[in-house]
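Chemist: Now for the letters of each chain:
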Amino acid sequence: MTFPEELRYTKDHEWIRVDGDTATIGITDFAQSELGDIVYVEVETVGDAVAKDDVFGTVEAVKTVSELFMPVSGTVTEMNTALDTNPELVNDDPYGEGWLIRMSLDNPADVDDLLSASDYADMVGQ
Amino acid sequence: MHQALGAKMVPFAGYDMPLQYSGIINEHQAVRTAAGLFDVSHMGEFLVTGPAAGQFVDSLVTNDVSTLYDGKALYTAMCQDDGGIIDDLLVYRFGPEMYVLVVNASRKVIDLAWVSQHAPPEVTVRDVSDETALLALQGPRAFDILEKASGTDFSGLKFYHFERPAACLGSQHLLVSRTGYTGESGVELYCPTAEAASIWSALMEAGQEFGLLPAGLGARDTLRLEAGFCLYGNDLTTDTNPLEAGLGWLTKLEAAPFIGREALLKVKASGPSRKLVGFVAQERGIPRAGNDILAPSGEVIGSVTSGSQSPILSKGIGMGYVENRPEFTTPGSPLQISARGRTTAVHVERPPFHVKRTES
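Chains A and B, in that order, are what the protein sequence lines are.
According to numbering that gives the first Met the number 0, the stretch in the first sequence is residues 0 to 125, in order.
According to numbering that gives the first Met the number 0, the stretch in the second sequence is residues 0 to 359, in order.
No lab work stands behind these hints: they were computed from the structure.
Here are the computed lysine-lysine pairs in the PhoX-like style, where the Cα-Cα straight-line distance is at most 20 Å: (1) A:Lys62 / B:Lys7; (2) B:Lys274 / B:Lys251; (3) B:Lys265 / B:Lys251; (4) B:Lys251 / B:Lys267; (5) A:Lys62 / B:Lys314; (6) B:Lys71 / B:Lys251.
Here chain A is said to cover these stretches of chain B; the calculated rule only asks that three of the stretch's residues, wherever they fall, bring their Cβ under 8 Å from a Cβ of chain A: (7) 19-31; (8) 278-289; (9) 307-314.
Ideal Cβ positions, reconstructed from N, Cα and C, are used throughout, including at glycine.
Just chain A, with the same shape it has in the complex (with noise of 0.2 Å):
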């Protein structure tokens, strides 16, 4: 299981990846796994501005359904609408391929408050 050093991440299992202003956003290899085989992504606030720890749209796996939290306020820009017919790339390649949003950031120094890699690892136990 691996969780990039250069992303941060929340303890709702999200990461993030900034570049500048912007940042795209997915759930981690942990949350994938504890999920299983992933089946439906939504997300309906593409447009919207989304408080950090709103929810921004929902995974569906075969058991369980999981909803998904902003990790920072901003705007959802766009949704990988490559999930729509192959939602398992969230689990094959979830800081890759399967990449959940793009976001503008309201202030990127909030991205400061999130977990790096290691902490995220601990809290995860990995």
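Given chain A, put chain B in place with the hints provided.
Modeler: For chain B alone, kept in the frame of chain A given last:
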């Protein structure tokens, strides 16, 4: 052992059970197209012996135990006086004075108390669950695998029949039962707990060339739901009766009296007020237990008791109780499932959902 295979374990009814090994969908597909091996040793087994064992068991369950003969099993329900279902179970007839009841893990303690409390002095009830393991080998290649592992062809065994071979798979005490909970062909193998690990290994080794995968509770649940089999605790509870649960076919009201019969005769006379129906999603969305079921008008008419994504249909499927009106229970009827403020359109359908299949 299961953890060594990469299984994700979950606590279930007091047992650490393998939820999944390689993934629910992968294991599910293996059972539908090749075979899967499940460890379901958590199930409870009660040995009922004595001169009146048959009549006694018959007085506890809804189905007609007098139709059994040695080597034959039946599926049935056990009810309270008010017709509420205590458990669904299998009854095996070993001999005229010896029967085995196979019950759900979550109901074992309650069932044992109920059965023991009603047993006449000349009947002995013994809980043999701890010394009995149960492996389910299920799928179209199950009999090929069993033959390769044991050297014996069991494919002539008829549905709901069982054999106790003198020696098989290194065991003197194996019971090979043509039963299952997946909607596929296959067997359930009862053996002494001490022998389960070696039988598991022998089957896995023999099954490699046939595509056999170890399968967990997750796939067991999606397979049974696709096949339309009820799960106790979800679709069956003490607040449900066999007639509304669609188990009228195993409720023999005209045969010997059983506990709950009077109440069920009344339900039959008036017609059940609600019915368990199956449904298939017509759009994205997965029904989940506890979701409301809505009429096209938006009125709440029931609730979902089991729901999942069907790995075969790639659609949401489920079961739930709805008001017993033809416009809600007839196959094809449009209903809606409400979850988290959204609705999903479903059609009532009669399971099995995955394929029309008959076993005889």
